[in-house]
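Visitor: Now for the letters of each chain:
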Amino acid sequence: MSDITRSTGTQLVKRGLAEMLKGGVVMDVVNPEQARIAEDAGAVAVMALERVPSDIRRDGGVARMSDPEMIEGIKAAVTIPVMAKVRIGHFAEAQIIQALGVDYVDESEVLTPADEAHHIDKWAFDVPFVCGATNLGEALRRISEGACLIRSKGEAGTGNIVEAVRHLRSIMGDIGRITKADSAELFEWAKRLQAPLSLVQEIAETGELPVPMFCAGGIATPADASLVMQLGAQSVFVGSGIFKSDDPAPRARAIVEATTNFTDPVILGKVSRGLGAAMPGLEIDTLETRLADRGW
Amino acid sequence: MKVGVLALQGAFARHAAVLTDVGVAPIEVRTPEHLSGVDALVMPGGESTTMSMLLDIAELRQPLAERITRGLPVFGTCAGMILLASSVADGRSDQESLAAIDIDVRRNGYGRQIDSFEADVNVGGEGLPSWDTPFHGVFIRAPVVERVGDGIEVLASVDDNPVLCRQGHVMVASFHPELTADRRIHELFVEAA
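Protein sequence lines correspond, in order, to chains A and B.
Take the first sequence: its position 29, counted from the start at 1, is 30 in my numbering, and no numbers get skipped.
Take the second sequence: its position 119, counted from the start at 1, is 125 in my numbering, and no numbers get skipped.
Since the hints were made in silico from the structure, they are not lab data.
A few of these clues could be false.
As the list claims (entries may be wrong) - In silico DMTMM-like pairs for lysine to aspartate or glutamate, Cα to Cα no more than 25 Å straight-line: (1) K271(A) x D294(A); (2) K271(A) x D62(B); (3) K271(A) x D248(A); (4) K8(B) x D265(A); (5) K271(A) x E65(B); (6) K245(A) x E284(A); (7) K271(A) x E39(B); (8) K181(A) x E209(A); (9) K271(A) x E34(B).
It should be emphasised that the depicted structure is a prediction, and the values quoted were computed from it without experimental measurement.
Chain B extracted, bound-state conformation (with noise of 0.2 Å):
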């Protein structure tokens, strides 16, 4: 299986590095070429407004649209999950989403950097393998859900807020699992595609 990573914007050499760990040969997606060839997608975190913009300049959108649509497995993080989400608050105004799972998400809801924080978080759901430790998050200037639609798992919650939700092959979570050393979000990832 050929697991691209979005490589616009951001974090995205992270992501590849914790594929090439679990085990998959990573491709950078820049292209609509480079995106025909991959079986799954990671869309990294970064800035959501100039990957938006990239993606429209690099003629990507509609493609990945498509492919989405197809049923390309995808996996965002903090910006990614922004521009999977089928709503933006706080975004700008221009700011398009490829409404590709069905939750609304407020940009920056957690504040501004001074308010980043690590949290442990419990990962479970249903034919999920139970994990007996908690996943540590980092949560940088996260996106809070503010609303998850009928048909998502909630596979993980801080507060009141679910931090990682699926939707049959789209998976998004706030925080973001490239910077730590456990892998087991990006295995799930990767089993599942």
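Just chain A, same shape as in the assembly (with noise of 0.2 Å):
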């Protein structure tokens, strides 16, 4: 039928995607009506999932990937993209992922971690891997691994963004920092920061991560993300910070608003508006498990 050579899986088509995804929300859902509302309030794409990151703090136990049956149902939901969480270094895990057609794998540290050395080897895979990170050296390695999208880490399910802050600040801070310094001191980046010298150089030519950079843990309104955009975030994730609000629908078309009028003050205030109750949050100290630290 064709005379013409489709290349499937190619870091351009799995990079792209995350191109495609830029200004826009992910929401966290945990079944079809959810992923429905999200698709309503203009949703750039659904992560599926069995419970929202603030359920999985306050259950416990062991939180692995979710029901196929459930991917599945969301899938058939929506006509936007659907992303799927795996746990760190389940590569098992992330093959079903892949079978099951869905379109983003995060190798979350939301769930509980499969390999405390190893990350999963994301070049063998087609479809693409987004992947946290709390700081640029973290970034790059996930980045040397095959990751084609980062997401500052926070500190999911709480509520609260301090932590998406600092992790923003310190990422986007070293890339500041790289681009102003010498080739020489390149050598000494890449030593301090555990990551390919070759990563390091091209920051360095760029200004930029070498792939698209989204913010995630803590958005509960629509001024975090605002706030999280200005700081150089491309895209939010937000994820119990919809569904455990008083009003969800409202709230995730407001934040969706702010993400594509985050420099528009006038614009953040109208619809920051009656909105009811954000999430509680928790401040960080009191936290039994701090997620963000899991990934190596």
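Take the two lone chains, each set in its own frame, and fit them into one complex as the hints suggest.
Guide: See below:
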């Protein structure tokens, strides 16, 4: 049928989808009904998972990949891309998720890690991966393993933006410092970050990460979305922040509008009105488990 | 000439970078005021459902439709193509398109992300300078053009499906010329605009 050669699963098509998700909101959903609410509110993608991070935090126990039946149900419910989480290092879960035809795999610290030393070799997959990072070294190690999208981790399930801000500032700050470093200093940077020299050199040249960078972990309000976008995130992931709030649909839409108009305080003021209560937040110092510490 | 890039969501920054490369200073368009200041508009890839909703919220849909009717040159890629098509299959039931070019498209017609692909595309047509090398097309959850109306110029196809079409001042591509280093398609749009 075809006289044209098609290449699938390339870095260009994998990173390309992340480009298309820029300026948007990816929302955590636990069932098809929530997925439809998210799509109606203008989400660019949904993350299918069994429990949102705040419930995982509350319930404890081992958090694993979601039931394929539930993922299939969400895929059938919406027309936008569907992402799903796998445990750090659990390449068998990732193989299953890829076979389900999910559009993006999140190798996520929100689930209980399966491997204490190794992340998944993401080059071995045709489906693209997103991974979390708390600093630039971690981001570059994930990219060297084949991640096509980085999200700053923040602290999932807390509704507290402070960790997301810390991680974003750390990543963006080091990128800025690397662009000012001379070529000899880049070797020291690679050593300090425990990251491949070639990626450090690429940042020095381009002034940005080689893949898009989004923000996750703690976004609960339109103002939070604006804050992290102004700090350099290119899109936001909202987990518990929507469906653990009083009135999810208007809040979801307001966060979408805030992400598009993140530099316009007048619009931000308008969309922030009358949304009801945000999810209850948690102080970072009171946490038993810091999810962001997972990953190496 | 002032070329705008619809900047509601998606790959607008990549388009803006390419436009800068080909010598026009791009303007990000998020409001009707921004729109009234441009002489041509690029509608980027992204999620068409999201962009469609944001077009309404920003009260951009009606002024945009009117400008296009009055001859505003527009170039839509992927989601931009979906928004400009006359009819959309497999979209959301409430998805409204601008019907600026007489083609029918099927959303995600090539499949999900796992089916996204790169392929060399031969571009050509009447009145086009002959290109001696193909254009490398990147197709991301791309729409399939299932019907083209009379008077549509099909400038490139993959297998039997048109992937680059033009009708007067409206040009659409199902792939992403903003993701590769080849500037020829943006040049084609800017020169014609």
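Visitor: Taking the hints in turn, state whether each one holds.
Guide: Consistency of the hints with the structure:
1. K271(A) x D294(A): Distance of about 37 Å is beyond 25 Å: violated.
2. K271(A) x D62(B): This hinted pair holds, its Cα atoms lying about 16 Å apart.
3. K271(A) x D248(A): Given pair K271(A), D248(A) holds - Cα atoms ~17 Å apart, limit 25 Å.
4. K8(B) x D265(A): holds (23 Å)
5. K271(A) x E65(B): Judged against 25 Å, a Cα distance of about 15 Å means the pair holds.
6. K245(A) x E284(A): With a Cα-Cα distance of about 17 Å, the restraint between K245(A) and E284(A) holds, given a limit of 25 Å.
7. K271(A) x E39(B): holds (19 Å)
8. K181(A) x E209(A): holds (12 Å)
9. K271(A) x E34(B): holds (21 Å)
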